[in-house]
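Student: Sequence:
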Amino acid sequence: MAKTEPVTIANLDEHNRLAFERFLKFEHEMKASSKELNPSYRAPYQNLNPTPLGLCAFALTTFMASMYLAGATVLVTASLGVVMGPALCYGGLVQLLAGLLEFRNGNSLLGLIFSSYGGFWLSFASLNISAFSFLSGYSDSVALNNALGVFFLAWTIYTVLMLLAVLRTNFVTIGLFVFLIICFVLLTASKFLQADPNLQRAAGAFGILTAAIAWYSAIAHLLNSMDWFFKLPLFEVKWW
0 MAKTEPVTIA NLDEHNRLAF ERFLKFEHEM KASSKELNPS YRAPYQNLNP TPLGLCAFAL
60 TTFMASMYLA GATVLVTASL GVVMGPALCY GGLVQLLAGL LEFRNGNSLL GLIFSSYGGF
120 WLSFASLNIS AFSFLSGYSD SVALNNALGV FFLAWTIYTV LMLLAVLRTN FVTIGLFVFL
180 IICFVLLTAS KFLQADPNLQ RAAGAFGILT AAIAWYSAIA HLLNSMDWFF KLPLFEVKWW
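Using numbering that gives the first Met the number 0, you'd call the opening residue of the sequence shown number 0 and step up by one each time.
It should be emphasised that the hints constitute simulated quantities derived from the structure, not laboratory data.
Keep in mind that the hints are not guaranteed to be accurate.
Have a look at the derived ranges for each label pair, beta carbon to beta carbon [claimed, not checked]:
| no. | residue 1 | residue 2 | range |
| --- | --- | --- | --- |
| 1 | Phe228 | Ser138 | 54 to 64 Å |
| 2 | Leu222 | Glu28 | 31 to 41 Å |
| 3 | Asn145 | Phe229 | 48 to 58 Å |
| 4 | Phe22 | Phe229 | 39 to 49 Å |
What you are looking at is a predicted structure, and each value in this text was computed from that prediction instead of being measured.
Glycine is no exception: its CB is placed at the ideal position from the N, C-alpha and C atoms.
Sequences and hints are given; from them, build the entire structure.
Tutor: Below you can see the structure in the form of structure tokens.
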């Protein structure tokens, strides 16, 4: 029977290396056996489903801002101050977090979408919070409205590009981006026409529809990933 070489200072590193390799082999075998015994087994983080979170954060913040823009229950000229809290914390930070989790899951498209629109709400909130003083350098309302028009025009262009990227997903997502594009187009036109109230109301109306679609998509993704009583259709796009 072969004698085990005693552990000394000279061969301690080699002994630790072999022990670590045996541990990694054991861990790999345990994971493999878990997958064989439980076909639904997933590695850590793969059970995360941040899609409903990102959609809900986008939907709620869009709904609140659109209610103000449309003049529903509040005046069209009312301050957006109440919207800034959700825009910073929910539509901004929480949606950004959902986007980072999507990247962690390997979903680059949703990671890009949620992170970008989280950035939109963070930037939109920062423009409307007087403590940041980002808009203090504009001498008159004409220059300010034109600058905001450029801001919304940039997001309109970006949203059109995202619409092209989601054309092979499902019709609910496609409809969401179509209504969002219309909302941004109307907002852009409103600002370039010196805060035209009718265009602003129309933008708010389409924003409310966009929020409703986003909420439906969020609940559909949530229920469809659970063992729920029923599933909500997303109307997947089929290409032949």
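Student: Now look at each hint and say whether the structure bears it out.
Tutor: Consistency of the hints with the structure:
{"no.": "1", "hint": "Phe228 with Ser138: 54 to 64 Å", "in the structure": "holds, 60 Å"}
{"no.": "2", "hint": "Leu222 with Glu28: 31 to 41 Å", "in the structure": "holds, 36 Å"}
{"no.": "3", "hint": "Asn145 with Phe229: 48 to 58 Å", "in the structure": "holds, 50 Å"}
{"no.": "4", "hint": "Phe22 with Phe229: 39 to 49 Å", "in the structure": "holds, 46 Å"}
Consistency note: the structure conflicts with none of the earlier hints.
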